[in-house]
Amino acid sequence: MEKQWAELTPDEKREERFKRWLSPRGVTFSSPEAEKAYKERVTRLIRALKVQEPDRVPCILPASNFPAYYAGTDLRTVMYDYDELKRAWLKFLHEIGDQDTFFGPVMVPPGRALEAVDYKLYKWPGHGLAGNTTTYQCVEGEYMKADEYDDLIKDPSNFWLRIYLPRVFGAFEPLRNIPPFTTIEEIAIMSFVPYGLPDVQAAFEALLKAGRESLKWAAVVGEVSQEALELGFPGIMSGLAKAPFDTLGDTLRGTQGIMMDMFQRPAKLQEAMERITPLTIDSALSSIGPSSAPIIMMPLHKGADGFMSEKQYETFYWPTLKKVVMSLVNEGIVPILFAEGSYNRRLDIIKELPKASVAWYFDQTDMARAKEVLGGKACLIGNVPTSLIMTGTPQQVKEHCRKLIEVCGPGGGYVLAGGANIDEGNPDNLRAMMEAAKEYGVYK
Amino acid sequence: MSGDLVNLLADLKEGEVMGLVKQRLDAGEEPIKILEDSRKGMEIVGQRFADGEYFLPELVYSGELLKQVTEMVKPHLTGSATRTKRLGKVVIGTVAGDIHDIGLNIVDFMLDVNGFEVYNLGVDVPVEAFVAKMKETGAPVLGLSGFLTPAFDAMKETVEALEKAGLRDKMKIMIGGGQMDDEVKKYARADAYGKDAMAAVSLAKQWIGAS
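Sequences listed follow chains Z and V, in order. Residue numbers are given in my numbering: position 115 of the first sequence equals residue 115, and the series is strictly consecutive. Residue numbers are given in my numbering: position 102 of the second sequence equals residue 102, and the series is strictly consecutive.
Everything labelled a hint here was simulated from the structure, so no lab data went into it. It cannot be assumed that every hint is accurate.
Claimed, not checked - Derived DMTMM-like pairs: lysine to aspartate or glutamate, alpha-carbon spacing no greater than 20 Å straight-line:
id: 1; chain 1: Z; residue 1: Lys403; chain 2: V; residue 2: Asp181
id: 2; chain 1: V; residue 1: Lys195; chain 2: Z; residue 2: Asp305
id: 3; chain 1: Z; residue 1: Lys13; chain 2: Z; residue 2: Glu331
id: 4; chain 1: Z; residue 1: Lys311; chain 2: V; residue 2: Asp51
id: 5; chain 1: Z; residue 1: Lys403; chain 2: V; residue 2: Asp182
id: 6; chain 1: V; residue 1: Lys74; chain 2: V; residue 2: Glu16
id: 7; chain 1: Z; residue 1: Lys311; chain 2: V; residue 2: Glu16
id: 8; chain 1: Z; residue 1: Lys311; chain 2: V; residue 2: Glu53
id: 9; chain 1: V; residue 1: Lys195; chain 2: Z; residue 2: Asp366
id: 10; chain 1: V; residue 1: Lys195; chain 2: V; residue 2: Asp182
id: 11; chain 1: V; residue 1: Lys164; chain 2: V; residue 2: Asp182
id: 12; chain 1: V; residue 1: Lys195; chain 2: Z; residue 2: Glu340
id: 13; chain 1: V; residue 1: Lys186; chain 2: V; residue 2: Glu163
id: 14; chain 1: Z; residue 1: Lys145; chain 2: V; residue 2: Asp153
id: 15; chain 1: Z; residue 1: Lys403; chain 2: V; residue 2: Asp196
id: 16; chain 1: V; residue 1: Lys186; chain 2: Z; residue 2: Glu142
id: 17; chain 1: Z; residue 1: Lys145; chain 2: Z; residue 2: Asp155
id: 18; chain 1: Z; residue 1: Lys268; chain 2: V; residue 2: Glu14
id: 19; chain 1: V; residue 1: Lys67; chain 2: Z; residue 2: Asp81
id: 20; chain 1: V; residue 1: Lys156; chain 2: Z; residue 2: Glu424
id: 21; chain 1: Z; residue 1: Lys123; chain 2: V; residue 2: Asp153
id: 22; chain 1: Z; residue 1: Lys216; chain 2: Z; residue 2: Asp81
id: 23; chain 1: Z; residue 1: Lys120; chain 2: Z; residue 2: Glu186
To be verified - Reference excerpt, derived from the structure (chain V facing chain Z, CB under 8 Å, subset only):
id: 24; residue: Val60
id: 25; residue: Glu64
id: 26; residue: Gly97
id: 27; residue: Glu136
id: 28; residue: Pro140
id: 29; residue: Leu148
id: 30; residue: Pro150
id: 31; residue: Gln179
id: 32; residue: Asp181
id: 33; residue: Val184
Stated by the list, open to error - Residues of chain V placed beyond 12 Å of chain Z at every Cβ, according to the derived structure:
id: 34; residue: Asp4
id: 35; residue: Gly19
id: 36; residue: Gln23
id: 37; residue: Asp26
id: 38; residue: Glu30
id: 39; residue: Glu58
id: 40; residue: Val73
Just so you know, even glycine gets a beta-carbon here, dropped at the ideal spot from N, CA and C.
Whenever a hint applies, use it, and build me the whole structure from the sequences.
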């Protein structure tokens, strides 16, 4: 008899998830060739992630909002016009040529949903940023006050709903005044009264509106991803998770706030990170679909070189990040840790993770040193400089890829990719990356 | 005793720093001397940052301590504060379309503790604002900060606008931050790329002729 899921070892769970990724349910491939290509691509990625030699080095094209500009439109437009969103991403999919994995437009948020709730945490083109800006950006601030640690630690859901969300969503302001849901007990005598108040009703109306808009958007995003799958292009990212330090430092306390806390209230900071850790893990696990790639992307921010000392990294950043990572690994998930900036001074700390359990996606880290320290232990991903892909020639890009493959490729466990993503530039520079993978990345 | 404040601040001893400042104020000491000591303490912080002993958290914390000291001292200040002699003016800012300022503020801090008069224009600075500030201050050095890729073009456009305004040959321009590098420097036609705040300081020193 088959073992129950809970009885499987982490390795068995991962193998099972890989198997489902290889033969996705609900996908009717457009042709036998497409199915064959899909399986080859997924196998190639799986072998690299397991730090083995695939048939050749796989390549992730660093094209986040690029399809919009490739198709002659822009981010502002596709955040509001889902037909244009779909047209742009499908045009890119069909015209860019062979690729090992395809990113759907899931990172392009629906503008009207954000407007419905008066989202303040981000600025986007036409909404706080000039209309021709190619990215949306986070507005740093102190969205959680220094004296609110206890509120967060005592009851994170209540803190989120009634303190944090009203600060980042203007429309949720009235939610400050609703009682915590945990006050609803026994027969509901007074429980519903607050929800009859006009301003609270308006807050929920805004939420419903954002929901309706997001559903329209999600349908379009789903159509694009489905078409890519049917044509044989696998997705690689099923969800996102953050290091608990970044959750607190990016959008709650802010950089300034959390760095003060490291000196003024280190115990509270640690306690809050511990409190957030299981929530992060649950949220990541729930984002993995039954046959999607068993991969969680973890963008890492404030632990980069220069942001803190090794000692501070080991004290404040790494312990809870490691907990999140290992909990995912134990569930058969492969976390891809995307280290923004450089991680040269972290390599000797992060090498302690079990062999072939995670992949490190480096932005500006020295790849030769990374290969030396992590080679054979973790899959390495990266890192053609973004500036080169945006401003260089295809020949320069290809040459840079060749050198990277020479350094990182031997023995397997390497995926060619950009340092960060590009939004504009010469599409031939992306094609040059694929060419390089095929020309220089074949394992014999 | 004056040496104590310098080192206590440099060592980030919050309680002791505030205690000592209060003690010195109560003893009727000239407030300006306390501020001078604080500046010396901050210079040591900057030096330790440059030496890789301190990192961003220490800069942030020391900045907060300095703010607290200044607030305590301010009510006691009489007459005009004597300005310490500055090496020269540097204008800095994050270019249009980019709202990131962590790196920008580190550069501000380091230029300041190294004796430069810093005009920090903040984030998402329109091209015209850079041109106007360079005209107004006559600063010989401009630092452009950017984190994301839209900054590539914004930097290029800023440099072009300065050329058009006939100001370009009166200044040196350095760029830095996030995805910036020598490729972007070439693309934007700036004079130098600095990989961190220490590079910004040494470029400014080199260009302003101090060492």
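Here is how each hint holds up against the structure:
no., hint, result
1, Z:Lys403 x V:Asp181, "holds (19 Å)"
2, V:Lys195 x Z:Asp305, "holds (12 Å)"
3, Z:Lys13 x Z:Glu331, "holds (6 Å)"
4, Z:Lys311 x V:Asp51, "holds (16 Å)"
5, Z:Lys403 x V:Asp182, "holds (19 Å)"
6, V:Lys74 x V:Glu16, "holds (19 Å)"
7, Z:Lys311 x V:Glu16, "violated (24 Å)"
8, Z:Lys311 x V:Glu53, "holds (11 Å)"
9, V:Lys195 x Z:Asp366, "holds (14 Å)"
10, V:Lys195 x V:Asp182, "holds (9 Å)"
11, V:Lys164 x V:Asp182, "violated (23 Å)"
12, V:Lys195 x Z:Glu340, "holds (15 Å)"
13, V:Lys186 x V:Glu163, "holds (15 Å)"
14, Z:Lys145 x V:Asp153, "violated (37 Å)"
15, Z:Lys403 x V:Asp196, "violated (26 Å)"
16, V:Lys186 x Z:Glu142, "violated (37 Å)"
17, Z:Lys145 x Z:Asp155, "holds (16 Å)"
18, Z:Lys268 x V:Glu14, "holds (18 Å)"
19, V:Lys67 x Z:Asp81, "violated (48 Å)"
20, V:Lys156 x Z:Glu424, "holds (15 Å)"
21, Z:Lys123 x V:Asp153, "holds (19 Å)"
22, Z:Lys216 x Z:Asp81, "holds (11 Å)"
23, Z:Lys120 x Z:Glu186, "violated (37 Å)"
24, Val60, "holds (4 Å)"
25, Glu64, "holds (6 Å)"
26, Gly97, "holds (4 Å)"
27, Glu136, "violated (24 Å)"
28, Pro140, "violated (27 Å)"
29, Leu148, "holds (5 Å)"
30, Pro150, "holds (5 Å)"
31, Gln179, "holds (5 Å)"
32, Asp181, "holds (5 Å)"
33, Val184, "holds (5 Å)"
34, Asp4, "holds (20 Å)"
35, Gly19, "holds (16 Å)"
36, Gln23, "holds (22 Å)"
37, Asp26, "holds (25 Å)"
38, Glu30, "holds (29 Å)"
39, Glu58, "violated (8 Å)"
40, Val73, "holds (21 Å)"
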